[in-house]
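Here our numbering is used: position 100 in the sequence shown is 110, and no number is missing along the way.
It is worth saying that the hints were derived from the structure and are not from the lab.
Hints may contain errors.
Straight line, CA to CA, 30 Å or less: simulated BS3-like cross-link-like pairs of lysine-lysine [what the hints assert, rightly or not]:
(1) Lys153 with Lys99
(2) Lys1048 with Lys1036
(3) Lys621 with Lys723
(4) Lys381 with Lys93
(5) Lys65 with Lys125
(6) Lys453 with Lys480
(7) Lys77 with Lys298
(8) Lys573 with Lys690
(9) Lys570 with Lys480
(10) Lys1016 with Lys1048
(11) Lys298 with Lys453
(12) Lys668 with Lys760
(13) Lys835 with Lys760
(14) Lys964 with Lys1016
(15) Lys570 with Lys668
(16) Lys1048 with Lys1070
(17) Lys201 with Lys89
(18) Lys981 with Lys1036
(19) Lys125 with Lys307
(20) Lys181 with Lys125
(21) Lys228 with Lys198
(22) Lys874 with Lys723
(23) Lys298 with Lys89
(24) Lys316 with Lys231
(25) Lys65 with Lys77
(26) Lys723 with Lys653
(27) Lys653 with Lys690
(28) Lys181 with Lys219
(29) Lys77 with Lys93
(30) Lys634 with Lys874
(31) Lys93 with Lys453
(32) Lys476 with Lys621
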Amino acid sequence: STIDREFEFPTELSIQPQALIGITGLDTLNNAVHRATWDALCNNRRSERAPIQFKLLSPSHEFPRCKTKKTPYELHIPKGILKRNWMHKHLMQIPAVMVIFYDLDWDDPNWEERKIECTSRVQSIRAALEGRNTKICLVLIQKTAPLPSGEDLLAADRASDLFQAAQLTNKSLFILPHTNHLLGYTSKLEKAFHELSQSYYQYEIRLIKGHRENMNKKTQKYLYVRHHFKMGFFSELRQDMHAAHAYYSEAYSNLLEVHVSYTNEFEVKTVAGFIGYKVCRVLFVLNKPRDAISLFKAHIEHYKHKTGDPHLMFQHHAWLSKQYSMFAELFDEMIHHGLPAVQTQHPGFYYKLAAVHAQIRKQLTQELCSKTITYPTPDPLARINTLEYYGQRPWRPCQLSAEPLDSDLERQGIQAIQYNELHNIDQSGIIIGLLGNAVSQFKTHRCPRMRKHLVVQMADEYYVSKDYGKALTLLMHMVWDYRSERWFSIVDRLLTTALCAAYLTARLHEYVSLCLEAIVRHPEPNRILSNLTAIANGGVPESEPGLNTGECTQAATLWKQTKSEIPLIVDTHVFTPPIQCKAVIVEHTYSSIRIDIFLRSNLPTQFTFSKLSVVTCGGSSQTKENEITADPIDLTFNCGQLKSYSVHIEPHPDDVGKLMLINSVLLSIGRVEGRIIIIKFNGQGVDPTIGYPSELHFFKKTEGAEGEFTRIKPCLSCVISKWEPLVHVTLRHDPPSLLGEWYSITVVIKNDEPNTATELLITSLFSSTIDNEAKLDMELREPNSETRLQLPHTFSLSDLLPNTSTELTFLVRCTTLLTRSIDIKVGCTLLMESGKKDRSEIETRVIFDVVEPFSFNATCLTTKFTPIAGQLYSDEPFLVQTSLRITSPWPIFVHCTSFQVGDNFVQDGEYLCPVMGLVLNPKEVATCLVCFCPTSSSQEPIDVATFNIIWSRKGNESERSEFRHTIGEMKVAFNEITISIDMPAMATLRSLLPVRYRITNKSITKVHSLNLTMDPSNAFMFSGCKQTVFIIQPNSTKVLDYNLYPLYCGSVILPKLRLKDAELPNLQQMLDRVLPNSIFVMPNGKTGMETDNGNVKKCCDKVVTIPET
């Protein structure tokens, strides 16, 4: 409606004003350079760029003419407060800066002609803006970038010439080179234009301030308001928000001083709303939201009692509604820009108040305008679109308060407004729009109950406006929400409205669902039940009370045509149905499932249903509907009657052992196609409207059918029990398993069935809980077979006769210390009691840990049994001592032990296993000793040897296991000198003891000169070289013989041999480490041994190696 536009805020008021920059001289259609320049100015205007807007104008554009000055100014009586076109004029028509673009290079060959053309364009724009203070700029588009200041003399001369010809200052001429850096140049131009616009608006403010000296505040209050509003608007264009706030506030204060009369009441309120909105907007921008809210509340408080003409009271509430809605929009806009909001203060409250006043407006319209049935002629509102000032009446524009009113014209104007208000304004649409905005805000700020309250109001408004479909949609949602929160008084009220809306729209499913709930809650259950029966029989339900006769006739026509392509299924788990249901699974064997259904009627009269069925699901089968009965006699219920029904279902063989559920119980009403109603129960039988837990129902004092129904405990799920055959499976094994052993697992199967078990299969497979690492290091084989098997593996057995048993043994070997889990499945075919053959499967699981059988330790020793640290030496014998500690909880039988010598070593002497055939008990330690000798040197560590042991668990010696462990890695140093000694193992007192030393030079090319010294000893007399020097050629051996004569018994220190070589400083250290220090001397004649020196056996052949220095 045209009249309703009076309450709309102008677009210029609700936006953030920006300085207007006029552009001319750019041919954006035909010139690519001009197009690129225009795009650089207008596109991608981000927040960091100057707050200006560009408008492309033609060279012949006509600007608004400047108004004539009023003289004398102090005698001017304004005819209104704020002109309608003033904001639009300064935002979109009068530019603060006018920019003329012109293609002209300093070195243009036609400079004079082009200069004259450019000057004429500037003069024509200046003439068009005559009387205006708009700044005029000239921008020369050039092909090349300008030289630094002072270097281009031609440019300086011609620029000065152009200044004078065009009457421009040096700050009004700009150069725009069209290069790759166009955006950079245009951004600098924007900043320059913005500075010029700032000076323009500041000058306009000074001009307005100059008028105040000539104004009289008593007679020109309108001018005070208007001038301060203009200065505030210009300050906003300058982005000076503090000054804008001061000017707007002053304008609002001056407006409060204006005397409000019948003539100017509507104009003052309209302008007050505009200025108040501006003040609030500036306060929000200044981050003062509390001040903005306080000011708005004070604004409403001041004007809410200025109602104006009593016949136009609805306009006052329309004005209040617009004030609240505009402030809510402003508040919401600021929230989107980062202003925080809380649940107690957000735009939703203001939208709600706007909707409240819109509802009051609608109510007053019905009261005041109901008798207005004709529109007056001539039209008193004909000039509404040509009014000069905001808020003035079209039939008396620019009329001052002191002028008398034309009563007839005033009456016709009021009549026209009332007619428009009643017939041309969609007030319900306005209310619904405001409520919708409020609902959105309350939802955003998490106020669910307030949101629901407003949605109910929306539904009511839709219902009143006869949009029954949308009303029903909202009401169905609200009934669900309030029911879930147990606001049953609200639910009852909503049910009544929803039933009317569903009836008038002939919405079959919604109407049936509402009827089923209303039978229990509505004061007229018999009528509701009668309507439900009529629908199920294909008829037309009785109209709801209080409905319009014409609407009921249309609804009856719709009901005759309404049918449903599918049965109407009504789920009752959210409301209290008129009949309650409980389902109980009584029996759930592999051959039969029995389900009992209990129904109790709360219907007001006798009623007959058409069919009862139960829907089951689970296992491998799909959801299946099982019909229980369709007999009308069985399905006829009296009020309060309890009936029970049973159904037997044969389960699918694949569903045995799986979960089965009762999905729902279906109770059908009617048999007419397209009108069949199915009531769906979950089988719990619990009233969802009761607030206390269902377990407390058993403590409720009930009698009769109700008490019996309450004591029934529903059961909606079960696992279909398997047929348990009398075949028993046991496992026999001795955990834990030892690492690397073949662990024996025996499966014992006993058949206690009266029939033979055939097709006997045993499957061993990895358990689902075992990880991949444990699967990779596990081997499987059968006893007395070396064939490796892979898990899972199936073993076939012969038929098992009744009352007999059989066994199957398999071996498992694990190579890591992880807990193992193996599933054993025994399958067999048996003859069941029913005479059918059934394949039965028995599952069991064997779990065992894996532990180490023993711990191993190896040590390298010298021939004197001292530990070797660091490295070995070539051709020098050494000992390896191994220790084997039993960590197994079971005794270990050792078959044999052996050493596998490394490539650079040889075994010195024959190795005899000391523990062969022994049984080692837990925590016992077995030690082995062997002598090795390096054959060559190595700078890198090399393996000495590998220790092997063949073992088995005691009692299972046939299953042998092998354990391997490396001795370790050692470096071997090369030696040039080796020494060996030949000497008996013991000596006899005062008997000859021959000793021979062999000194060998192992080098190929080097000759060694050795200085030998034999230390004297009090325990021996000896003959041989005590001190000598000799030379040993490469690959040669020097032999030294000594005859020793022992003088004491016991362990006697041998004479010490000393060798010196300047090239081998460590020679003596190696001799001390290798050569024996003492010998045991036996008394003469007490050992029974002959001292035949010719028959003394060689006891030890020791080689001493001297490393290179």
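Status of each hint after checking the structure:
Restraint check for Lys153 and Lys99: not satisfied, since their Cα atoms lie roughly 36 Å apart, outside the 30 Å limit. With a CA separation close to 15 Å, the supplied pair Lys1048 and Lys1036 stays within the 30 Å bound. Proximity of Lys621 to Lys723 is assessed by CA-CA distance (about 24 Å); at most 30 Å being required, the pair is judged to hold. A C-alpha spacing of about 35 Å is found between Lys381 and Lys93, which places the hinted pair above 30 Å, so the restraint is violated.
Our distance criterion of 30 Å between C-alpha atoms is met by Lys65 and Lys125, whose separation comes to about 25 Å. Under the criterion of a C-alpha separation no larger than 30 Å, the hint pairing Lys453 with Lys480 is consistent with the structure, at around 20 Å. Note on Lys77 and Lys298: the hinted pairing is violated, with a Cα-Cα distance of about 38 Å set against a maximum of 30 Å. For the suggested pair Lys573 and Lys690, the alpha carbons sit about 20 Å apart, so the restraint of at most 30 Å is met.
About 22 Å separates the Cα atoms of Lys570 and Lys480, which keeps this hinted pair within 30 Å; it holds. Our distance criterion of 30 Å between C-alpha atoms is met by Lys1016 and Lys1048, whose separation comes to about 15 Å. For a cut-off of 30 Å, the pair hint linking Lys298 to Lys453 stands: about 25 Å separates their Cα positions. Between the alpha carbons of Lys668 and Lys760 the distance comes to roughly 26 Å, so the proposed pair stays at or under 30 Å and holds.
The straight-line distance between the Cα atoms of Lys835 and Lys760 is roughly 14 Å, inside the 30 Å bound, and the hint therefore holds. The straight-line distance between the Cα atoms of Lys964 and Lys1016 is roughly 60 Å, outside the 30 Å bound, and the hint therefore fails. The straight-line distance between the Cα atoms of Lys570 and Lys668 is roughly 48 Å, outside the 30 Å bound, and the hint therefore fails. A hinted pair counts as satisfied when its Cα atoms are at most 30 Å apart, and Lys1048 with Lys1070 qualifies at roughly 15 Å.
Taken as a hint, the Lys201 and Lys89 pair is broken in the structure, with Cα atoms around 40 Å apart against an allowance of 30 Å. As the CA atoms of Lys981 and Lys1036 are separated by approximately 36 Å, the hinted pair breaks the 30 Å bound. Between Lys125 and Lys307 the alpha-carbon distance is near 61 Å, which puts this suggested pair outside the 30 Å criterion. For the suggested pair Lys181 and Lys125, the alpha carbons sit about 18 Å apart, so the restraint of at most 30 Å is met.
At most 30 Å may separate the alpha-carbon atoms for a hinted pair to count; Lys228 and Lys198 exceed this at roughly 48 Å. Proposed proximity of Lys874 and Lys723 is contradicted: the alpha carbons are some 89 Å apart, above 30 Å. Between Lys298 and Lys89, the direct Cα distance comes to roughly 35 Å. Violation of the 30 Å bound is thereby established for this hinted pair. The straight-line distance between the Cα atoms of Lys316 and Lys231 is roughly 19 Å, inside the 30 Å bound, and the hint therefore holds.
A distance of roughly 23 Å separates the Cα atoms of Lys65 and Lys77; the hinted pair therefore holds under the 30 Å criterion. Taken as a hint, the Lys723 and Lys653 pair is honoured in the structure, with Cα atoms around 15 Å apart against an allowance of 30 Å. The hinted pair formed by Lys653 and Lys690 meets the criterion: a straight-line CA distance of about 17 Å does not exceed 30 Å. Straight-line distance between C-alpha atoms of Lys181 and Lys219 comes to about 27 Å, which keeps the hinted pair within the 30 Å bound.
The suggested pairing of Lys77 with Lys93 holds, with an alpha-carbon distance near 13 Å, which does not exceed 30 Å. Restraint check for Lys634 and Lys874: not satisfied, since their Cα atoms lie roughly 90 Å apart, outside the 30 Å limit. Distance hint between Lys93 and Lys453 is unfulfilled; the C-alpha atoms sit about 40 Å from each other, more than 30 Å. At roughly 38 Å between alpha-carbon atoms, Lys476 and Lys621 are farther apart than 30 Å, so this suggested pair is violated.
Of the numbered hints listed earlier, those contradicted by the structure are 1, 4, 7, 14, 15, 17, 18, 19, 21, 22, 23, 30, 31, 32.
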